[in-house]
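Enquirer: When you get a sec, could you build the whole thing from the sequences and use the hints?
There are 2 protein chains.
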Amino acid sequence: MSSLTNMQINGLAAAQHRIQQDLLTALDAFSIPEPLKGAVHHAVMLGGKRVRPALCYATADIQLNKNFAAVRRAAVAIELIHCYSLVHDDLPCMDNDLLRRGQPTCHVAFGERAALLAGDVLQSMAFEILGSRLFDQGAAVDQSIVIKQMQILATASSKMVYGQMLDLESEGKQIDQETLEKIHKNKTGALISAAIMMAAVAVFDGVDPAIPKLREFAQAVGLAFQVQDDILDITSSTEELGKTAGKDEQVEKSTYPALMGLDQAVIYAKELHDQAFNALKFFNGNASELEQISLFLLNRKQ
Amino acid sequence: MSSLTNMQINGLAAAQHRIQQDLLTALDAFSIPEPLKGAVHHAVMLGGKRVRPALCYATADIQLNKNFAAVRRAAVAIELIHCYSLVHDDLPCMDNDLLRRGQPTCHVAFGERAALLAGDVLQSMAFEILGSRLFDQGAAVDQSIVIKQMQILATASSKMVYGQMLDLESEGKQIDQETLEKIHKNKTGALISAAIMMAAVAVFDGVDPAIPKLREFAQAVGLAFQVQDDILDITSSTEELGKTAGKDEQVEKSTYPALMGLDQAVIYAKELHDQAFNALKFFNGNASELEQISLFLLNRKQ
Numbered sequence: 007m008s009s010l011t012n013m014q015i016n017g018l019a020a021a022q023h024r025i026q027q028d029l030l031t032a033l034d035a036f037s038i039p040e041p042l043k044g045a046v047h048h049a050v051m052l053g054g055k056r057v058r059p060a061l062c063y064a065t066a067d068i069q070l071n072k073n074f075a076a077v078r079r080a081a082v083a084i085e086l087i088h089c090y091s092l093v094h095d096d097l098p099c100m101d102n103d104l105l106r107r108g109q110p111t112c113h114v115a116f117g118e119r120a121a122l123l124a125g126d127v128l129q130s131m132a133f134e135i136l137g138s139r140l141f142d143q144g145a146a147v148d149q150s151i152v153i154k155q156m157q158i159l160a161t162a163s164s165k166m167v168y169g170q171m172l173d174l175e176s177e178g179k180q181i182d183q184e185t186l187e188k189i190h191k192n193k194t195g196a197l198i199s200a201a202i203m204m205a206a207v208a209v210f211d212g213v214d215p216a217i218p219k220l221r222e223f224a225q226a227v228g229l230a231f232q233v234q235d236d237i238l239d240i241t242s243s244t245e246e247l248g249k250t251a252g253k254d255e256q257v258e259k260s261t262y263p264a265l266m267g268l269d270q271a272v273i274y275a276k277e278l279h280d281q282a283f284n285a286l287k288f289f290n291g292n293a294s295e296l297e298q299i300s301l302f303l304l305n306r307k308q
Numbered sequence: 007m008s009s010l011t012n013m014q015i016n017g018l019a020a021a022q023h024r025i026q027q028d029l030l031t032a033l034d035a036f037s038i039p040e041p042l043k044g045a046v047h048h049a050v051m052l053g054g055k056r057v058r059p060a061l062c063y064a065t066a067d068i069q070l071n072k073n074f075a076a077v078r079r080a081a082v083a084i085e086l087i088h089c090y091s092l093v094h095d096d097l098p099c100m101d102n103d104l105l106r107r108g109q110p111t112c113h114v115a116f117g118e119r120a121a122l123l124a125g126d127v128l129q130s131m132a133f134e135i136l137g138s139r140l141f142d143q144g145a146a147v148d149q150s151i152v153i154k155q156m157q158i159l160a161t162a163s164s165k166m167v168y169g170q171m172l173d174l175e176s177e178g179k180q181i182d183q184e185t186l187e188k189i190h191k192n193k194t195g196a197l198i199s200a201a202i203m204m205a206a207v208a209v210f211d212g213v214d215p216a217i218p219k220l221r222e223f224a225q226a227v228g229l230a231f232q233v234q235d236d237i238l239d240i241t242s243s244t245e246e247l248g249k250t251a252g253k254d255e256q257v258e259k260s261t262y263p264a265l266m267g268l269d270q271a272v273i274y275a276k277e278l279h280d281q282a283f284n285a286l287k288f289f290n291g292n293a294s295e296l297e298q299i300s301l302f303l304l305n306r307k308q
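Each protein sequence line maps, in turn, to chains A and B.
If you read the first sequence in our numbering, its first letter stands for residue 7, the second for the next number, and so on.
If you read the second sequence in our numbering, its first letter stands for residue 7, the second for the next number, and so on.
Please note that the accuracy of each hint is not assured.
In this list, chains with the same sequence are indistinguishable; a pair is considered to hold if it fits within one copy or across any two.
Said to hold, decoys possible - Distance condition first, Cα-Cα at most 20 Å in a straight line; then the derived SDA-like pairs of lysine to any residue:
| # | residue 1 | residue 2 |
| --- | --- | --- |
| 1 | K43 | T185 |
| 2 | K287 | D235 |
| 3 | K43 | K191 |
| 4 | K219 | T185 |
| 5 | K43 | C99 |
The set of hints was computed from the structure by calculation and includes no laboratory data.
Expert: Pasting the structure below:
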């Protein structure tokens, strides 16, 4: 595997910088009482790769950032949903994780009650942001875009929970690749797809042939992301990951390396990335930001 | 206090029947994996007073049920949010309640993980329903109505969580009436207001003077509902309530009776209802369903 190029690192760094600013602007618009405010900021502002917002921005870039306020709101909203899911996943009754992004998890830092409520409120905040006029400069975007974005986000959020339930139910069981894909298509794939599709509906008309091509890309890249995650859980150290490594094996979680062997999983991740790249050919080189993020996701070490 | 009239009971029974059907239709539209499906149905279908849907329908009745599909979706969505909040409130790390509506709470029946996830997914389902075309017959309702409903629901859901946090923070502390009202305006008042306002924006134009009148009514009735809840926690038995009575005192929760004495709290509840009724005078007798529900809420024993 090749290592990361400067272009990949710079593209992601620019997205990370933008989303960090926009998340802070968004959170500052709410009057959250303490200690909930602290828990919410802890959950959102400590970083992370910001893959989903980066995918939003990169998708919008194909169409020269048309309706960019709606894209920025989508990026914030999707990241808030992602952060809520991490806070609830880490709770004692779930994965009981103590470490996330190299920091104490939300319930360790703020207590279980504040963490539960922080997750809950992050979800409703995501929809508040999406329906707001935050980042609008001048005319509001078309209302049909806002409704489509809300539908995409709500459906993906539900699917994410379905996937989480399916995942928990499969712990300690022998499952086949079909079941594993179903879990991941819901658990992580749905939200990654949503990041791309929420930007897609903002910049492309609903009947544009670009829409199904981006959906194809989104599904392949979403699954590739998860296969790579499973691989990294085995091949990386806790220090590199910023979260507990080897956790999957510890809780007898089904993973691609466990199912098909590590070498085969690495090949499968590459195949999925090839599928994703093929879908982008439709854009004749105008989707270079999406290509770069896709390469970053394949070559990342954490 | 007068006892309930047949009209009040029949009006609420009709609303309960309708929402029960609509909730079932809504849940059947989702492909929820087990055991999450069981937990979701347990959380939603076991009953409850269905006060919020009844307020939706009664508000729409003022305008002869204009845009009724949007009102029905709003009623379902708001009840799903209410049910999610109950499931999370009952969790061991929160109130640790074992009994709700005379039945084992969700985590008792389905385990803590499924209950946490059921609450999470009920929230996103509410937004899915609101953005869907469920119950539409013929033309879709105006998009601006859907967006307004989503904004109202998302904001109320966030406020509900703020109120829950403020409430937990006040346990075992001496708080004044201002703080208590702030808690309740967020914790229960916001969602009750939202039920009324989501129907209001579906049946009235945004600039109609009916809108501020309904907001006035909503705020008074929301607070009255909570004062009455506090009173019932003291004066009713566990059997009558279908949930553990005397719980407030047990966890040193601040309540209106604790703050102002039981007699004064009863007078205050009546005053708030008078305020609510006064706001309805604007409608010249055309808001009789809202009047009946308001009377029911004052005279209820559970």
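Enquirer: Taking the hints in turn, state whether each one holds.
Expert: Going through the hints against the structure:
no.: 1; hint: K43 <-> T185; in the structure: between (38 Å within a copy, 18 Å between copies)
no.: 2; hint: K287 <-> D235; in the structure: neither (26 Å within a copy, 62 Å between copies)
no.: 3; hint: K43 <-> K191; in the structure: between (32 Å within a copy, 19 Å between copies)
no.: 4; hint: K219 <-> T185; in the structure: neither (25 Å within a copy, 54 Å between copies)
no.: 5; hint: K43 <-> C99; in the structure: between (23 Å within a copy, 19 Å between copies)
Comparing the model with each numbered hint stated earlier shows that hints 2, 4 do not hold.
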